[in-house]
Amino acid sequence: MRPVLRVPRLVAVAAIAAVALTTLAACAPGSAGSSTNQSGSVSTTLTTQKVTLKIQDETGFPVTSKLAAEFTKQHPNVKFKIVRDSFQNLLANAPRLMASADAPDLIRLATLGSNVKDGLLTNLDPYFKAYGWDKFSAGQLATARMTTAGVRGEGSLWQFGIGYSVTGIYMNQKLADKVGITSTPTTIDELEADMQKAKDAGVLPVQTGMQDGVGTFVLQALINQYGDKQALIDWMFNKPGATFDTAAAVKGATVFQDWAKKGYLPPDVNAINYTTMVANFSAGQGLFMWDGNWDAANIDKALGKGGAQFFLAPPEKAGGKFVAMGTGNTFAVPSKSKNHDTTAFFLNWIATNDKARQIVVDVTGASPGGDPAQKLPSVEKGSLIEKALELSATVGKDDGFTDFIANTTSGIYQGALQPDEQLLLTDKMAPADFTKAIQAFYVKDLAG
Amino acid sequence: MSRGARRALLAGWLFLLPAVAAYLLFVLYPLLTAVQYSFYKWNGIGASTWVGFNNYVQIFTDPTLLAPIFNALILIIFFTVIPIVSGLVLATLIRDMRPGPFATTARTVLFLPQIVPLVAAGIAWSWMYAQTGTINQILNAVGLGFLSRSWLADFGTALPAVGLIGSWVLTGLCTVLLLTGMGKIDPALYEAARIDGAGWLRLFSSVTLPGVRQEITVLVTITVISALSSFDIIYTTTKGGPGTTTLVPGISIFRLAFVQGQVGLASALGVVLLILVLAVVLPVQRISREKD
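Chains as they are written, first to last, in the working numbering: chain A, 1 to 448; chain B, 1 to 292.
If you are wondering where the hints come from, they were derived from the structure by calculation, not from laboratory data. Just so we're clear, the structure is a prediction, and the values are computed from it rather than from any experiment. Careful: at least some of the hints might be erroneous.
[Said to hold, decoys possible] Covered stretches of chain A (chain B as the covering partner; in silico rule of three or more C-beta atoms under 8 Å from a C-beta of chain B): (1) 88-99; (2) 422-432.
[As the list claims (entries may be wrong)] Simulated crosslink set (DMTMM-like; lysine to aspartate or glutamate; CA at most 20 Å straight-line): (3) A:444 / B:62; (4) A:261 / B:154; (5) A:387 / A:362; (6) A:321 / A:189; (7) A:262 / B:154.
[Unchecked claim] Counterexamples of contact, computed for chain A against chain B with all Cβ distances above 12 Å: (8) 44; (9) 69; (10) 200; (11) 307; (12) 353; (13) 371; (14) 385; (15) 386.
Note that CB positions come from ideal geometry on N, CA and C, so glycine has one too.
Modelling step: build the complete structure from the supplied sequences, incorporating the hints.
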């Protein structure tokens, strides 16, 4: 028995010694937020030296590869090295990638989070001035701004969008014909009447899901219309005192729950995720689907030309202004990058060069953004992508773009919206309790 | 100690060195840093603040952090009890079979779920559990259509449904290990018991069960750990929903650390999970040792 007893004792001694050592040597983990690495002056002339820009992007987003190839063709001294990882992994790893000694020059960064405070990003203000990005519509860059106190929408510029999305509602034309819908609805009441028509005809009115929270598109499209959109934007931008517990949000949640009760949503909505939702709609299940322009090409392919329509979520009353979620596919320049000027030149080129803008539209189906006065790239006539660009322009005219409420805080989508909307849709939570629960999580998440 | 003995001891340690170094570097060091992080409020990158036991207090006072722990405890029924019980039954049946292709095939088929990646198993099962999936099709076909539902979206059935995926995966492992254990039992014991007039049940409880006690201990340890630290099955099927009915500590820790940037709180939850696993597994080990 002796040798057997000895081993655990040995391990225990080693463990105690190790604990003592680390405790003695332990200093607090992490480092104090260093000030952003910012050279005083910036240059808008492209370097003549040989440079390789490292881009860290998400998988399934090939636009950066095409843009890089075109840029190298125009400027052979600049080469690119692009590394990809899944969106989820990238979201989780971005801070560590940017903090590493081998930081990329450009990284796909969907949310700013605490990266500004931690000094991981390059302040793009000098480039904004030097390149005259003030010509872009203000809403385009609003979500990419953040103050040092962590309020978004104002302060310095930290991100740059490659392609700007717009969300709306897809309608299956074959099913619309079947249930006798002749035109897309122009008010929420008309929309609801169309849903009832579908229900009566035995057609699923809405294809959506809540397993992963994708149905939040539907909820937000309602809240957008029921109140002052600025109040919701302030909340999404984390302005002090902003709240989700508003009359508009309660009304939106009430109508959303009502639609579930009336059987407009799939009966197993809580088991459907984004992928299943798009697959189901593409297979002809569901009259309406709330989704973004990024699926326009897929749906054109699945349902055939003219097989679907894409329209903006309607206002409450006829003639009301359009509000739609839409945001840039945002990238940031890590402060540890050694090629700030070259990377900024590349970003400006994407928004202004005709060939680059054409690539953005061809590959992503998203609006290229940039100066609204600049010529729009050409697209296939009658395609959903053409429609999406048109809708994007309509929302822009109404100054109606808002961010997604899922981006309000880093944890709110998975930690509160997804589980609480599941409760809401199954009538296990009242709308007023729902908005309070979301607000409570928001306060907790912001406090860290 | 003679010079020879000392040299032998030194040589022994040298042989151990690679393993000990790997253990210190990849197990002990991360564990200790996690313990250290658990006393801080830290987002993983920026400055950190010492908060003492605050993270632990939060875990035991915040119902949204406690609920996953209870869900994980319920999963023990599906990850440990069901697989071991059905493993015992299946192993007894297979052992009684005449050795031949059928017995080998049965063993292989039962073990197959073990080699399927859990992520793939989770996705396949979520299709079967869906509103139009295999399970409901079978129910409809046999006239039990009124029972059909979206099993993973129903608040009452989601946790048992994901639990049964675990049962499916682990039953094969339990069967094969118990079968090996039964093979070691001296056939003379069965012979003697039979002569004394023992029936099938008596043989099982008095000869088979005591004979595989070691294997059961090992299985309880492995399966309890996989129940309490489950992640992949839940992540691919329900993501913790509907509501928080299938939320487990593994998912909470991942979200806290990598989505919400609360590395300190996530580490504290990890440490609590570690202590919980030890609290369940160590008594099991002790019981089996005492009976020896």
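Taking the hints in turn, this is what the structure says about them:
For the stretch 88-99 of chain A, the stated coverage by chain B is satisfied: 6 residues place a CB nearer than 8 Å to a CB of that chain, which reaches the threshold of 3. Taking a C-beta to C-beta cut-off of 8 Å, the stretch 422-432 of chain A contributes 4 residues in contact with chain B, enough for the three needed, and the coverage statement holds. The straight-line distance between the Cα atoms of residue 444 (chain A) and residue 62 (chain B) is roughly 11 Å, inside the 20 Å bound, and the hint therefore holds. The straight-line distance between the Cα atoms of residue 261 (chain A) and residue 154 (chain B) is roughly 15 Å, inside the 20 Å bound, and the hint therefore holds.
Among the hinted pairs, residue 387 (chain A) with residue 362 (chain A) is consistent with the structure: their alpha-carbon atoms are about 14 Å apart, no more than 20 Å. This hinted pair checks out: residue 321 (chain A) and residue 189 (chain A) have alpha carbons roughly 15 Å apart, not beyond 20 Å. Of the supplied pair hints, the one linking residue 262 (chain A) and residue 154 (chain B) holds, its CA atoms being roughly 18 Å apart against a limit of 20 Å. Listed as a non-interface residue, residue 44 (chain A) keeps its Cβ farther than 12 Å from every Cβ of chain B; the least gap is roughly 31 Å.
With a cut of 12 Å on Cβ distances, residue 69 (chain A) stays outside the contact zone with chain B, its closest approach being about 32 Å. Look at residue 200 (chain A): its CB is around 21 Å from the nearest CB on chain B, clear of 12 Å, so calling it non-interface holds up. No beta-carbon of chain B is positioned within 12 Å of the beta-carbon of residue 307 (chain A); the least distance is around 22 Å. Separation of residue 353 (chain A) from chain B is adequate, the least Cβ-Cβ distance of about 35 Å exceeding the 12 Å criterion.
The claim that residue 371 (chain A) lies off the interface holds: its Cβ sits roughly 35 Å from the closest Cβ of chain B, which is beyond the 12 Å cut-off. Even its closest Cβ contact with chain B, about 31 Å, leaves residue 385 (chain A) beyond 12 Å, as expected for a residue assigned away from the interface. Every beta carbon of chain B lies more than 12 Å from that of residue 386 (chain A), the smallest distance being close to 35 Å; the non-interface claim holds.
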